[in-house]
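Residue strings, one per chain:
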Amino acid sequence: MKAEPLATTVDSAEIAKFSGLAGTWWDPTGPMAPLHALNTARIRYLRDQACAHFGRDARATQPLVGLRVLDVGCGAGLLAEPLTRLGASVTGVDASAEAIAAAQRHAEGGGLVIDYQVGGAAAAEGIFDVVVTMEVVEHVPNLDAFVAEAVAPLKADGLFVAATLNRTPKAFALAIVGAEYLLRWLPRGTHDWQKFVRPSELARALRTLDLHVRDVSGATFDAATATFALSRDVDVNYLLSASR
Amino acid sequence: MVGQTLALALAGAGVEVTVLERAAPEAALAPTFDGRASAIAYASARLLAGIGAWEALAPHAQPILDIRVSDGESLLFLHYDHRELAAGQPFGHLIENRHIRFSLFAAMARAGVRVRAPVEVRGITTDEFGATVTFADGTTVRTRLLVGADGARSFVRAQAGIRSRGWEYPQAGIVLTVAHELDHEGIAHERFLPSGPFAILPLPGRRSSLVWTERRDMAAQITALDDERFAEELRDRFGDFLGDVQPSGPRWSYPLAFHRAETYVAQRTALAGDAAHTLHPLAGQGLNLGLRDAAALAEVIVDARRLGLDFGAADQLARYEKWRRLDAVALIAVTDGLNRLFSNDVAPIRLGRDVGLGLVNLLPPLKRVFVGHARGTSGKLPRLLLGEAL
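Taken in order, these protein sequences are the chains called A and B. Residues 7 to 250 in the working numbering are what the first sequence lists, from first letter to last. Residues 76 to 465 in the working numbering are what the second sequence lists, from first letter to last.
Be aware that one or more of the hints could be misleading.
[What the hints assert, rightly or not] Covered by chain A, according to a simulated footprint, are these stretches of chain B (three or more residues, beta-carbon under 8 Å):
no.: 1; stretch: 247-253
no.: 2; stretch: 372-384
[To be verified] Just so you have them, the derived chain B footprint on chain A, three or more residues with Cβ under 8 Å:
no.: 3; stretch: 46-55
no.: 4; stretch: 95-103
no.: 5; stretch: 167-179
[Unchecked claim] So the derived label-pair ranges between C-beta atoms look like this:
no.: 6; chain 1: A; residue 1: R213; chain 2: B; residue 2: E130; range: 57 to 65 Å
no.: 7; chain 1: A; residue 1: P193; chain 2: B; residue 2: P138; range: 38 to 46 Å
no.: 8; chain 1: B; residue 1: D202; chain 2: A; residue 2: A209; range: 55 to 63 Å
no.: 9; chain 1: B; residue 1: R189; chain 2: A; residue 2: R190; range: 23 to 31 Å
It should be emphasised that the hints constitute simulated quantities derived from the structure, not laboratory data. Quantities reported herein were computed from a predicted structural model and do not represent experimental measurements. Ideal Cβ positions, reconstructed from N, Cα and C, are used throughout, including at glycine.
Produce the entire structure from the sequences given, and follow the hints as far as they go.
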């Protein structure tokens, strides 16, 4: 029997949960609506961090041109497609074959060339200037193993960017009680608060791999406009970047 | 004009854009194509400057320094005096539409905007990823976003299956340019006569543009009169406060109608300007409202593009729709209400509105709200209307 290479970095129940939603990933009013709302803040953060790190002009039409980006846990490509339009050469990997199929179909329809592979970071070929993993680490069974696999193909001068949910009482109140139970914004059971990751835990996992945190920013939801804005409040949604 | 403004704003920000025009440029620029003049609000002028179309327009723009609203024979005037505004800025400018069209065409040529004119669009199909436009000669063009800025009887709107609601006023607008003996001193007059509003709008020199509202049957009879009888009817209403008045050039008659599209967006489609809404022309806000559509849509598109987002996707179009809807609804309600209130000769209503106009004059904060709308600076403004870059 073949060894299961993803065993420590992937939770099969979590994969099944997201595979079931694959057909609705690209509907901004569907179950993935919060991800679409969050996407603007995520891309802005990633673009600006990458531009600062690599000395690019963020106002250029294609500020990321020439950069190889690996998107770990890419889903149906909500992040991979905008990064491609901003000029990056993107490889997207996801453990859900259904999500990858949806991603391939959508990229083709939009005329975008993106290298999609089923699996973890190890499924990607070559080395990368940027490794990004957004709304993923709160779903993995072993954080240290996941991060080690994700940054393995990162170049020496590369940039690592993650987005996730903090394990705070406020995050429990907003992301689980609020979003899943009161607003029914997310399907119940989308998140398990126990698996949320504190910035310090992510930083520690990165430090053992000789990566140091450059920036931690919050993404704060504004109920009046139903949008997320970058902020200093990292209690719920936050983004982190690190380099060597 | 709205579509060309949008195209210029987008081209300036590096977005690839193609303009499709039904009419050939020569026809659209002929002096007989459109006899109207537009009140370009202060914010709209900033937008035109930002897209490189204002410099050529400035010599043809008459600053509006004062607006006097009066009610028939009433002596109660409502003054909007620009000296009450900060920084001595005029309310806006009066410009003949032919000059605006010419300036926009010239700016498009300078900016290298791709224009296909004249073209006849036969059909439009949309899918999840884009829109395909088919021309009469069988050729097609594919785009991520199709903008319908094709007028009150919009083909794009009909093809998208967007319904539009509205009604026709029992009035028509007679439009013409007049020459007068005395200087108008930059003062615009809006008189509410029993048949409807009669607006005298200052143009450069000793000329004014008239929007003369009449019952439909009367309008047809009046425009059909010979020159001498027509001039008599005109003087009856215009008066002699600017000395002798002579009609100059052709007369036009436009049916007055109001409509608003039920939604401004559909799959890979957005509506702007008259395709989305028309107003009663009494407040001179129709083009300004359309230019605000163009500025808002350009900002939504450019902001999305800077993040690599698909600007033709439903969530981006929803942003545009949400931003613009309130503005249009408010203006349609205000202008329609004014018309109904004033196109009326019932004594208690007359008294009420005389007192009302007098009161507005006495209440500076309320007046500032009206003035703000006249200048186009109410509400959350797109960057282009603030004179900022996209």
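Against the structure, the hints:
With a cut-off of 8 Å between beta carbons, the stretch 247-253 of chain B has 0 residues touching chain A; three or more are needed, and the interface restraint is violated. With 5 residues carrying a beta carbon less than 8 Å from a beta carbon of chain A, the stretch 372-384 of chain B meets the three-residue requirement, and the given coverage holds. Counting residues of the stretch 46-55 of chain A whose beta carbon lies closer than 8 Å to any beta carbon of chain B gives 4, which meets the minimum of three for the stated coverage. Only residues whose C-beta sits within less than 8 Å of a C-beta in chain B count toward coverage, and the stretch 95-103 of chain A has 0 of them, not enough to reach three; the restraint is violated.
Evaluation of the coverage hint for the stretch 167-179 of chain A: breached, as 0 residues show C-beta separations to chain B shorter than 8 Å, against a requirement of three. Checking the proposed 57 to 65 Å range against R213/A and E130/B shows it holds: the Cβ atoms sit about 59 Å from each other. At roughly 59 Å, the beta-carbon separation of P193/A and P138/B lies outside the given 38 to 46 Å, and the hint is violated. Distance hint for D202/B and A209/A: a CB-CB separation of about 45 Å, inconsistent with the stated range 55 to 63 Å.
Range check, R189/B to R190/A: about 47 Å between beta-carbon atoms, so the 23 to 31 Å window is missed.
Of the hints listed earlier, those the structure fails to meet are numbers 1, 4, 5, 7, 8 and 9, in rising order.
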